[in-house]
Amino acid sequence: MRFGARFGVRTKTLEFESSRPAPLLPGRTADAESGKASAGCLIWVAVAIVVVAVASYGVVRFGIELIEDEVRRDLAGNPVLLEHLGEIQDLSLDFTASRELPGENDFAFEIRGAKASGVLRATVLTGDDELEHVTAGTITLANGDEYDLFPGIGDDLLLEVEDAVPSDE
3 MRFGARFGVR TKTLEFESSR PAPLLPGRTA DAESGKASAG CLIWVAVAIV
53 VVAVASYGVV RFGIELIEDE VRRDLAGNPV LLEHLGEIQD LSLDFTASRE
103 LPGENDFAFE IRGAKASGVL RATVLTGDDE LEHVTAGTIT LANGDEYDLF
153 PGIGDDLLLE VEDAVPSDE
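In my numbering, the protein residues as written are 3 to 171.
Bear in mind the hints are in silico, worked out from the structure with no lab data behind them.
Remember, predicted model here, so these are calculated numbers, not experimental data.
This list has only true hints and no planted wrong ones.
Taking CB as the label site, the calculated pair distances span:
hint	residue 1	residue 2	range
1	P81	L103	22 to 30 Å
2	Y149	V61	28 to 36 Å
3	L84	I51	45 to 53 Å
4	W46	G105	43 to 51 Å
5	I51	S119	33 to 41 Å
6	A118	A41	53 to 61 Å
7	P104	W46	42 to 50 Å
8	L103	V49	33 to 41 Å
9	V49	E85	46 to 54 Å
10	I45	V121	42 to 50 Å
Don't be surprised by glycine CBs; every beta carbon is placed ideally from N, CA and C.
Take the sequences, apply the hints, and build the full model.
Next comes the structure, spelled out in C-alpha coordinates:
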(Lines of atoms letter the chains of each structure in order from A and count residues from 1; the text may use other names and numbers.)
(Lines give C-alpha, C1' and ligand atoms only; values in the text may rest on other atoms or scores of the structure.)
Protein backbone atom coordinates (compact mmCIF):
# COMPACT_ATOMS: atom_id res chain seq x y z
CA MET A 1 0.00 0.00 0.00
CA ARG A 2 1.30 3.39 -0.93
CA PHE A 3 1.73 6.14 1.63
CA GLY A 4 -0.87 8.45 0.08
CA ALA A 5 -3.53 5.75 -0.25
CA ARG A 6 -3.22 4.81 3.38
CA PHE A 7 -4.14 8.31 4.52
CA GLY A 8 -6.67 8.94 1.76
CA VAL A 9 -4.42 11.31 -0.21
CA ARG A 10 -4.30 10.99 -3.92
CA THR A 11 -0.83 11.14 -5.42
CA LYS A 12 0.21 11.48 -9.01
CA THR A 13 3.49 10.31 -10.48
CA LEU A 14 5.17 12.85 -12.74
CA GLU A 15 6.85 11.56 -15.84
CA PHE A 16 9.36 13.50 -17.92
CA GLU A 17 10.25 12.80 -21.49
CA SER A 18 13.93 13.43 -22.16
CA SER A 19 13.50 13.62 -25.94
CA ARG A 20 11.17 16.60 -25.79
CA PRO A 21 12.86 20.05 -25.47
CA ALA A 22 11.99 22.21 -22.51
CA PRO A 23 9.09 24.53 -23.23
CA LEU A 24 9.93 28.14 -24.08
CA LEU A 25 8.38 31.02 -22.26
CA PRO A 26 5.36 32.56 -24.03
CA GLY A 27 6.42 34.89 -26.85
CA ARG A 28 9.92 33.39 -27.19
CA THR A 29 11.21 31.28 -30.02
CA ALA A 30 14.20 28.99 -30.32
CA ASP A 31 15.84 31.48 -32.73
CA ALA A 32 15.54 34.26 -30.14
CA GLU A 33 17.21 32.08 -27.51
CA SER A 34 20.14 31.17 -29.80
CA GLY A 35 20.53 34.84 -30.81
CA LYS A 36 20.74 35.77 -27.16
CA ALA A 37 23.52 33.20 -26.65
CA SER A 38 25.39 34.54 -29.69
CA ALA A 39 25.13 38.09 -28.38
CA GLY A 40 26.53 36.93 -25.05
CA CYS A 41 29.50 35.31 -26.80
CA LEU A 42 30.13 38.48 -28.80
CA ILE A 43 30.17 40.53 -25.61
CA TRP A 44 32.80 38.22 -24.08
CA VAL A 45 34.90 38.39 -27.26
CA ALA A 46 34.70 42.21 -27.21
CA VAL A 47 35.71 42.29 -23.53
CA ALA A 48 38.67 39.98 -24.27
CA ILE A 49 39.81 42.22 -27.16
CA VAL A 50 39.64 45.31 -24.94
CA VAL A 51 41.61 43.57 -22.17
CA VAL A 52 44.33 42.47 -24.63
CA ALA A 53 44.51 45.97 -26.16
CA VAL A 54 44.83 47.66 -22.78
CA ALA A 55 47.49 45.18 -21.64
CA SER A 56 49.45 45.65 -24.90
CA TYR A 57 49.31 49.43 -24.55
CA GLY A 58 50.58 49.12 -20.98
CA VAL A 59 53.56 47.00 -22.03
CA VAL A 60 54.47 49.37 -24.89
CA ARG A 61 54.06 52.45 -22.68
CA PHE A 62 56.27 50.84 -20.02
CA GLY A 63 59.02 50.23 -22.62
CA ILE A 64 58.82 53.79 -23.92
CA GLU A 65 59.03 55.25 -20.41
CA LEU A 66 62.05 53.04 -19.73
CA ILE A 67 63.85 54.39 -22.83
CA GLU A 68 62.91 57.98 -21.96
CA ASP A 69 64.24 57.58 -18.42
CA GLU A 70 67.52 56.05 -19.61
CA VAL A 71 68.06 58.78 -22.23
CA ARG A 72 67.26 61.46 -19.64
CA ARG A 73 69.76 59.91 -17.21
CA ASP A 74 72.42 59.53 -19.92
CA LEU A 75 72.13 63.19 -20.98
CA ALA A 76 71.73 64.68 -17.49
CA GLY A 77 75.31 66.00 -17.38
CA ASN A 78 75.71 66.88 -21.07
CA PRO A 79 77.40 70.33 -21.12
CA VAL A 80 75.69 71.43 -24.37
CA LEU A 81 72.23 70.67 -22.97
CA LEU A 82 73.03 72.30 -19.64
CA GLU A 83 74.27 75.47 -21.38
CA HIS A 84 71.41 75.94 -23.85
CA LEU A 85 68.49 74.06 -22.32
CA GLY A 86 69.25 73.89 -18.62
CA GLU A 87 68.41 70.90 -16.45
CA ILE A 88 66.04 68.49 -18.25
CA GLN A 89 62.52 68.84 -16.87
CA ASP A 90 60.59 66.79 -19.42
CA LEU A 91 61.55 64.39 -22.20
CA SER A 92 59.06 62.43 -24.32
CA LEU A 93 59.45 60.29 -27.42
CA ASP A 94 58.00 61.80 -30.62
CA PHE A 95 56.82 58.83 -32.73
CA THR A 96 56.06 60.81 -35.88
CA ALA A 97 59.40 62.61 -36.00
CA SER A 98 61.27 59.39 -35.08
CA ARG A 99 59.79 57.54 -38.07
CA GLU A 100 61.13 60.23 -40.39
CA LEU A 101 64.73 59.84 -39.18
CA PRO A 102 66.97 57.63 -41.36
CA GLY A 103 68.55 55.20 -38.88
CA GLU A 104 66.81 52.42 -37.00
CA ASN A 105 68.47 53.63 -33.78
CA ASP A 106 67.65 57.32 -34.39
CA PHE A 107 64.88 58.80 -32.26
CA ALA A 108 63.30 62.21 -31.82
CA PHE A 109 62.25 63.50 -28.42
CA GLU A 110 60.35 66.58 -27.34
CA ILE A 111 62.54 68.06 -24.61
CA ARG A 112 61.97 70.86 -22.12
CA GLY A 113 64.54 72.32 -19.80
CA ALA A 114 64.76 75.09 -17.23
CA LYS A 115 65.95 77.62 -19.86
CA ALA A 116 64.33 76.52 -23.14
CA SER A 117 62.59 73.72 -25.03
CA GLY A 118 63.09 72.02 -28.37
CA VAL A 119 63.53 68.78 -30.26
CA LEU A 120 66.30 66.29 -29.50
CA ARG A 121 67.35 64.01 -32.35
CA ALA A 122 69.59 61.28 -31.02
CA THR A 123 71.15 57.96 -31.91
CA VAL A 124 70.39 55.64 -29.02
CA LEU A 125 72.21 52.31 -28.63
CA THR A 126 72.01 49.62 -25.98
CA GLY A 127 75.33 49.28 -24.19
CA ASP A 128 77.01 46.27 -22.61
CA ASP A 129 75.32 47.28 -19.36
CA GLU A 130 71.90 46.73 -21.03
CA LEU A 131 71.10 50.45 -20.68
CA GLU A 132 70.30 52.87 -23.49
CA HIS A 133 73.04 55.40 -24.31
CA VAL A 134 72.98 58.43 -26.60
CA THR A 135 75.96 58.13 -28.91
CA ALA A 136 75.23 61.11 -31.19
CA GLY A 137 72.64 63.81 -31.48
CA THR A 138 71.53 67.37 -31.95
CA ILE A 139 69.19 69.68 -30.11
CA THR A 140 67.07 72.17 -32.05
CA LEU A 141 65.68 74.84 -29.76
CA ALA A 142 62.27 76.44 -30.25
CA ASN A 143 63.97 79.60 -31.60
CA GLY A 144 65.60 77.52 -34.39
CA ASP A 145 69.14 77.36 -32.99
CA GLU A 146 70.72 73.92 -33.45
CA TYR A 147 73.56 72.45 -31.39
CA ASP A 148 75.54 69.21 -31.61
CA LEU A 149 75.37 67.30 -28.31
CA PHE A 150 78.91 66.01 -28.71
CA PRO A 151 80.82 68.71 -30.62
CA GLY A 152 84.10 67.61 -32.15
CA ILE A 153 83.69 63.92 -31.27
CA GLY A 154 82.42 62.97 -34.71
CA ASP A 155 85.28 64.84 -36.39
CA ASP A 156 87.87 63.14 -34.15
CA LEU A 157 86.45 59.71 -34.95
CA LEU A 158 86.52 60.46 -38.67
CA LEU A 159 90.19 61.50 -38.45
CA GLU A 160 91.06 58.33 -36.49
CA VAL A 161 89.34 56.13 -39.09
CA GLU A 162 91.06 57.93 -41.96
CA ASP A 163 94.44 57.49 -40.23
CA ALA A 164 93.78 53.79 -39.65
CA VAL A 165 92.90 53.06 -43.28
CA PRO A 166 96.01 52.44 -45.43
CA SER A 167 96.27 54.69 -48.46
CA ASP A 168 96.89 53.46 -51.99
CA GLU A 169 99.83 55.85 -52.51
